[in-house]
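Asks: Numbering of the sequence shown is given in our numbering, commencing with residue 1 and proceeding in unit increments.
The set of hints was computed from the structure by calculation and includes no laboratory data. Heads up, some of the hints might be wrong.
Computed list of lysine to aspartate or glutamate pairs in DMTMM-like fashion (alpha-carbon distance at most 20 Å, straight line) [claimed, not checked]:
hint : residue 1 : residue 2
1    : Lys41     : Asp23
2    : Lys41     : Glu62
3    : Lys41     : Glu30
4    : Lys41     : Asp51
5    : Lys22     : Glu32
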Amino acid sequence: MANQLTDLNNHLFAQLDRLANKDLTPDEIEQEVSRTAAIVKVADQVISNADLTLSACKLVAEHGDHFMKRLPMLSGQTEEMYGQQDYEGPKK
């Protein structure tokens with residue numbers, strides 16, 4: 001399983017296709033509905049995490065990384081986002 005948002009999108013559409021299958025028995029429909037609920041819960045968390053990452057990127061892009069000492073949970077994020085260890089924020 002890959003870990004890209006496009007892959008999540010593909011999984012969601014594949015599940016939608018399974019739900020639309022007119023040949024499903026009532027038990028199979030119930031199974032697919034249950035599976036769909038689980039997939040949606042996980043997808044919501046993935047999307048929420050991606051949104052948080054985007055917010056962190058915007059914060060660094062707008063204000064540099066001088067706030068990083070106050071947000072240690074983001075300390076590795078700037079290196080991942082910008083591909084360098086010593087990112088000093090936007091050029092002024």
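Asks: Could you run down the list of hints and mark each one as holding or not?
Replies: So, going through the hints one by one against the coordinates:
{"no.": "1", "hint": "Lys41 to Asp23", "in the structure": "26 Å, violated"}
{"no.": "2", "hint": "Lys41 to Glu62", "in the structure": "32 Å, violated"}
{"no.": "3", "hint": "Lys41 to Glu30", "in the structure": "17 Å, holds"}
{"no.": "4", "hint": "Lys41 to Asp51", "in the structure": "15 Å, holds"}
{"no.": "5", "hint": "Lys22 to Glu32", "in the structure": "12 Å, holds"}
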